[in-house]
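K.L.:
What follows is the residue order along each chain.
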Amino acid sequence: MVDAVLQALVNGVIAGALLAIPALGFSAIFAVLRFPNFAIGALATAGAYIAWVANVTFGLPIVAAIVVAFVSAAILGAALEYGALERLGRGGALMKAIGSLAMAMVIENVVRFFFGNDLRAFDLPLARDLVFGPIRIGPQQITNFIFALAIMVAVWTFLSFSSLGRSMRAVADNADLARLKGINPRLIALVTVAVGSGLCGVGGTLIGLDTSIDPLLGGRVLLSVFAAAVLGGLGSIPGAVAGAFVIGIVEEFTVLALAPAYRLAVGFIVILVVLVIRPSGLLGSKAG
Amino acid sequence: MTEILRRHILGAGVAFAGTVAMPAILRAQTGPIKLGTLTPLTGSGGSYGPSMATTVKKAADEINKAGGVLGRQLLIISEDDQTSPEAGLRAARKLIDIDKVSAIIGTWASAVTTAVVPVCSQSGVFLSTVSGAEPITLLPHQGFLIRTQPTTTLQGTKFGEFALGANAKTVAFVSPQTPFTDSQFAALTKTVTAAGGKTTSLIYDDKKTTLRTEVDQVLRGKPDAIVMGGYTNDTAVLVRDLYRANYRGSLFGFGYSVNKQLVDALPPDVSEGIYTLSPSPAEGSNAYKNVSRLLGVDSPDTYSCQVYDHLNLIAMAMAVGKGDTGTIIKDNVRKVSQGGGERVETAVDGLKLIADGKKVDYDGASGPCDFTDIGDITDAKFRYEQVKGGKITLLKIA
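For the protein sequence lines, the chains are A and B, in the order given.
Heads up: the first sequence begins at 50 in the numbering used here, then just goes up one per residue.
Heads up: the second sequence begins at 44 in the numbering used here, then just goes up one per residue.
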């Protein structure tokens, strides 16, 4: 039983690291624009497909494909915000959230139109797991974990030390005050959406590297990502990471205790419990 | 208002309503006969639905070119069930209430069919499906349902025999929750335990992108063989994780999930050796060759073959019953599918014979197409295949 628990913990940490990337994107967008952007699942799917084209059709190495996924998902996300969602802003956050759901369906079906429903896999050999005593772990998972950590560090550095990152935090904190300081909140909002969307694209690619790609890839993790962001405190960047790890681990432990079919319920239960007990989430202060 | 005036207005109203209604009645008898296809164009059945819908459309075009049914053209309206019961039910309602179809052809996922059966039978619309879940034909469908897919219970038994044939003693059944999970596992268990073996089962969530923990759970039981009950996308995830976990036993899957798409998506050594089982279309029959020609592919999938048969049977049943309602199709479908008569393999041939007053017995692209009272097929052959060197190769048809 100890073996099973240890293994579930390792699996959970790795699943959490993969969830953390799109959760970061989701939370960053929420922090600045104050609406839940449900298009992130579809953006993750789009990013994964673009990375797949870069890797398989154009023969780029995986790292380059991830960069391509980031840039293209960023452009796509910013274009959606600029072209459609921003105009819905007058209708309030709910209208934008609904608009983002609609956009998600559009993106998903555009992907389906061009690529069909077939499964796609990256041009990578599938390696057997490495076994350490009772624990087994895949080389690709270790790579993905390192990628995920590196991206988290990069995001944290960007937000903490770059002037653009500081402007983003300023707008998230108080848009009016930031405006007085000469920051253009609209531009910052677009940059945030671009960065957040890019992160989703990268997250989708990492999930695709671990499994395979199909048009529902992003949609499948949307609930877990949303639960992670709510748990961590909507709009809180460290909260999103912490929330993602907790959700990843809890989902894996559920399999030990309950029939795996109930895993999906975990996300809902977490959202419910957080909203009832601590609506601001684990690390959120006033967001929520 | 005077009594006379009131009568005049009422009379004029009735006359007007009658005039408006008349063309509708006439139209119903002279316009095209509307039939719906409800196939999964998206979702986990998305790799089959489009070719199913195309097959029906093209087969209907051929019937129309040859003069249609009862002198009327067939109009096929295609809807997407998204492989989801909610979306399927909505689409079925649209086909029934707005398009006023006489029959719905092609529901694929058992969960979708289960949702659609009640509205069809209550509305008197005929439903032909390719779903295999045992309970479907036990629903109170009042005869408005036929299926050409062998039941999953039969498939469970065949899987058990297949696994025993590969010298397996401990068989694990790993599947997402579907309407046929329980009946299939029960049939598998019955077969395997009768031969002195044992079975375990694990139900997973098919939306997970990794099944590592589930795989660990399954492998703790040290199975010699694993029967995979999912659809293509989740089975791909399962197969990858079994490979990573160093599983060396035999793997068995449904032909509809371990298909070319899955094999192409996985590195060759990962899918190597997986056994698959699927209902076999009647390869070599003229009907099968017709489907192949209509779709422009060498070996059309079993579902396209099955919906081709559905359309042919429905067209001929309407011709025999001299009407276009679901009830007429229900009452006459067995008169053209079985019970002797001149053997035909296309509706175009069958319709000519029926017009000449002859009796027909349809044998189709998916098999003989004979039905029991509750709508199951009476005879089914299976294809046993194995993935070898990145290709699905035929072992036997039996």
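Everything labelled a hint here was simulated from the structure, so no lab data went into it.
The beta-carbon is built from N, C-alpha and C at its ideal position, and this holds for glycine as well.
One should not assume that every hint holds.
[Stated by the list, open to error] Computed, partial: chain B to chain A, Cβ under 10 Å:
id, residue
1, LEU181
2, LEU182
3, LYS251
4, ASP259
K.L.:
Now, for every hint given, state plainly whether the structure supports it.
P.N.:
Quick rundown of the hints versus the structure:
The criterion of a C-beta within 10 Å of any C-beta in chain A is not met by LEU181/B, whose closest approach is roughly 23 Å, and the hint is violated. Interface hint status for LEU182/B: violated, as the beta-carbon distance to the closest one in chain A is roughly 23 Å, over 10 Å. This hint holds: LYS251/B has a C-beta 7 Å from the nearest C-beta of chain A, less than the 10 Å allowed. Interface hint at ASP259/B: satisfied, since its Cβ lies 6 Å from the closest Cβ of chain A, which is below the 10 Å cut-off.
Hint violations for this structure: numbers 1 and 2, all remaining hints satisfied.
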